[in-house]
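Enquirer: As you go down the protein sequences, you meet chains H, C and B in turn.
If you use this note's numbering, the first sequence corresponds to residues 1 to 152, in order.
If you use this note's numbering, the second sequence corresponds to residues 1 to 197, in order.
If you use this note's numbering, the third sequence corresponds to residues 1 to 289, in order.
Treat each hint with caution, since some may be false.
Simulated crosslink set (DSS-like; lysine-lysine; CA at most 30 Å straight-line) [stated by the list, open to error]:
1. C:Lys-175 - B:Lys-284
2. C:Lys-197 - H:Lys-37
3. H:Lys-37 - C:Lys-175
If you only want the chain C side, here are some residues facing chain B, beta carbon under 7 Å, derived [claimed, not checked]:
4. Asn-54
5. Ile-171
6. Thr-173
Have a look at the derived ranges for each label pair, beta carbon to beta carbon [as the list claims (entries may be wrong)]:
7. H:Gln-41 - C:Lys-96: 37 to 43 Å
8. B:Thr-165 - H:Gly-32: 42 to 48 Å
9. C:Lys-95 - B:Pro-89: 39 to 45 Å
10. C:Asn-54 - B:Thr-165: 52 to 58 Å
11. B:Gly-250 - H:Ala-31: 20 to 26 Å
12. C:Gly-172 - B:Arg-88: 25 to 31 Å
13. H:Ala-68 - C:Asn-54: 41 to 47 Å
14. H:Glu-23 - C:Pro-13: 35 to 41 Å
15. B:Gly-250 - C:Asp-29: 54 to 60 Å
16. B:Ser-200 - H:Gly-16: 36 to 42 Å
17. C:Pro-13 - B:Gly-87: 48 to 54 Å
18. H:Gly-16 - B:Val-57: 50 to 56 Å
Bear in mind the hints are in silico, worked out from the structure with no lab data behind them.
Bear in mind that the values here come from a model prediction, so they are computed numbers and not experimental data.
Heads up, the beta-carbon is just placed ideally off N, CA and C, and yes, glycines get one too.
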Amino acid sequence: MNCRDALRLMDSVMDGTAGPEQEQVLHFHLAGCQACKRAMQMNRDISRLCREMPRPEPPSDLESRIRARLAALPAEVHAEHRRRNRVAIALPFVAALLIVLGLTLGSRPGTTAVDAAEAVRKVAVAAQGAAKYTVTTPPLAAYARPASLISF
Amino acid sequence: MAVRLVRGRRREPDPRSDAELMIALCKGDDQSFTEIIRRFQDPVYSLLIRMLGNEDEAEELLQVTFCRVHRYREHYDTSRPLITWVLTIASNLAKKEWRRRSRWLQIPLDNVTLTSPMQTAPHYDAGRRELKASLEEAIDKLPPHYREPFLLREDQQLTYEEISEVLGIRIGTVKSRINRARALLREALSEAWERWK
Amino acid sequence: MFHALALLAAVAAGVTSSPVVTIRREGSPGITELTTGIAISSHHVITLSAFAAGPSVPLVEVDGQYLEPDTVYSSEGLGLAILVFDGRPFTSYASPAGSLPESGDLLTLAGQGVGGLVSIGGRVMRIYEDGAVLVSAPRMDGLMGAGAFDSDDELVGLVNGVITTRLESTPAGSAEHLAILPSPSWSVWADLVMAGRWASSTPFGVTATACSSEDADERPSGVLIVAVDDGSTACRCGLRPGDLVVSLDGERIYNPETMRGLLLSAGDSLDAVVWFHGNSRTIKLAPLR
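Let's have the full structure, built from the sequences with the hints guiding it.
Expert: Now the structure itself:
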């Protein structure tokens, strides 16, 4: 068993997902490998210290704050979300086309008319700017294995 | 004159299971929500504060998490552990917050004030405190996608399956990220650990 | 397609940040070349080495500004380069996937086209005999050097070309797939570069090249040892010119850079399966220090 496998197995053993034979294999490796033994000890200590770390305390008036928020919210909106999603899924190409043409989409979730138009304007400006000087991207080239020699 | 004996908020532990509480909540039992908050506020707050790095945001999202638990109570699948559902909600909120503020950066530890007292023995163990402090700092420096599964394992003691559910990633990915988190922590704490040993 | 355009609009509106960055260089005079890089830490960007090669300096766009890297580490063997920056300009970065994707997996390919971020889906078809991952996806502007991400948003690899394979079943007689250089080939090298531990004090003592089974019928793909220095570690471990290292530490290797990276990060000797004229043997290679 090599060290990389041992380090992975260590996690399984620590987290209780390794079987008894696997544990044996790990212990055998640890008996002969100082580096891994040290890593295992560190892992265990770190784990123990994590459990002993002080837990931050939430505010004492949490419940009242939560209830106040709930009371202030408008009525349930599940049904509305579902309807909106369906509309969005049903009109992918139309929606895309409309964005490109800068038209507003009344029922598109999360985007107001102003946002959509702004986004289109920015992309249009970028494209325009690109046209002023020649901008290229590298073409997809035929795959070629790097054939260089390296010495190490 | 009758003296009203104020008993204070010494609760008897609510014997209902998590699933029973949620079912009761769906039926309109308000008291069960109090118990749900009581049971899960610590783990959720702990995760949020370690993922976001400051109290204010963590408190805000802590409230939003429980609001969502209440509003989407009908969506909870009673065959799954409640803790994973609640933590999934909290984790997604934290992730959205990260993305919104583009904060895949390292947050210094100064912003986090841990209010629980540290248990120190009368004879002050300097080496141990140093290692502990270094550990907290090192965890805060972990990239969030390694930090989260690590915390869910070590802090919340969730199984790999539960972590995979909460974070929405494959179990293999959970394992490799926890493995990386531990390797990064070993590297960061190597010196402090030697001194403490 | 809807998702891709929505992402395009979102990035244009500055709402989300992405680990996919634009690298800008002057190609021929008067011609600006835009290429893709992927941020893999707050201050490292990985890209194809062709995009970082001189004489023009590759500049990475961050928040409307163009940053010059402090150092560029290039690996000729892998065809990749890592740009290192001062400070921590990247707020969003991807982590390399720990394992190869499987046939049938759906990946998202994201690159910088002329108009902006290009993002499409591609399905993994198979693993090529020299370790490349073949993905079916349409040819599009901006895909050369694009990052391939899995469903966990991890970086599976970079697109480094198109492979045409002969297929009698299709009317055209051949099929085109995008080739992706997968993370297991380069993540060890990348980790070492990011940790600043790329140099070794003693050389291993070999000169090697990537070798594919296409070149010679009977030979598998792997790392071909071309020369071994007398008295070197490699020599003592039993490597000889003509040996083809096929796997190291239990994993298939195809590139000398991968081999070097594994030897440099090993704590202990690694098992190597070596092929020579039809015969396989296993030897132990001592780690590089």
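Enquirer: Taking the hints in turn, state whether each one holds.
Expert: Status of each hint after checking the structure:
1. A threshold of 30 Å between alpha carbons decides the hint, and for C:Lys-175 with B:Lys-284 the separation of about 28 Å falls inside it, so the pair holds.
2. Annotation: proposed proximity of C:Lys-197 to H:Lys-37 holds, straight-line Cα distance about 14 Å (limit 30 Å).
3. For the suggested pair H:Lys-37 and C:Lys-175, the alpha carbons sit about 20 Å apart, so the restraint of at most 30 Å is met.
4. A least Cβ separation of about 17 Å between C:Asn-54 and chain B goes past the 7 Å threshold, and the interface hint is therefore violated.
5. Interface restraint check: C:Ile-171 against chain B, minimum CB-CB distance 11 Å, threshold 7 Å, status violated.
6. Against a cut-off of 7 Å between C-beta atoms, the interface hint on C:Thr-173 holds, since the closest Cβ of chain B lies about 5 Å away.
7. Take H:Gln-41 and C:Lys-96: their Cβ atoms lie about 39 Å apart, and the range 37 to 43 Å holds.
8. About 47 Å separates the C-beta atoms of B:Thr-165 and H:Gly-32, a value consistent with the hinted range of 42 to 48 Å.
9. Distance hint check for C:Lys-95 and B:Pro-89: the Cβ-Cβ separation is about 22 Å, which falls outside the suggested range of 39 to 45 Å.
10. Judged by the Cβ atoms, the range 52 to 58 Å given for C:Asn-54 and B:Thr-165 holds: they are separated by roughly 54 Å.
11. Restraint check, B:Gly-250 to H:Ala-31: a C-beta distance of roughly 21 Å satisfies the suggested window 20 to 26 Å.
12. For the hinted restraint 25 to 31 Å between C:Gly-172 and B:Arg-88, the CB-CB distance of approximately 29 Å keeps it satisfied.
13. Restraint check, H:Ala-68 to C:Asn-54: a C-beta distance of roughly 22 Å breaks the suggested window 41 to 47 Å.
14. Taking 35 to 41 Å as the suggested C-beta distance range, the pair H:Glu-23 and C:Pro-13 conforms, at roughly 37 Å.
15. For the pair B:Gly-250 and C:Asp-29, the beta carbons lie near 56 Å from each other, so the given range of 54 to 60 Å is met.
16. Take B:Ser-200 and H:Gly-16: their Cβ atoms lie about 38 Å apart, and the range 36 to 42 Å holds.
17. Between C:Pro-13 and B:Gly-87 the CB atoms are about 52 Å apart, so this pair conforms to the stated range of 48 to 54 Å.
18. Roughly 52 Å separates the CB atoms of H:Gly-16 and B:Val-57, a value that falls within the hinted 50 to 56 Å.
Hints 4, 5, 9 and 13 from the list above are not met by this structure, while the remaining hints are.
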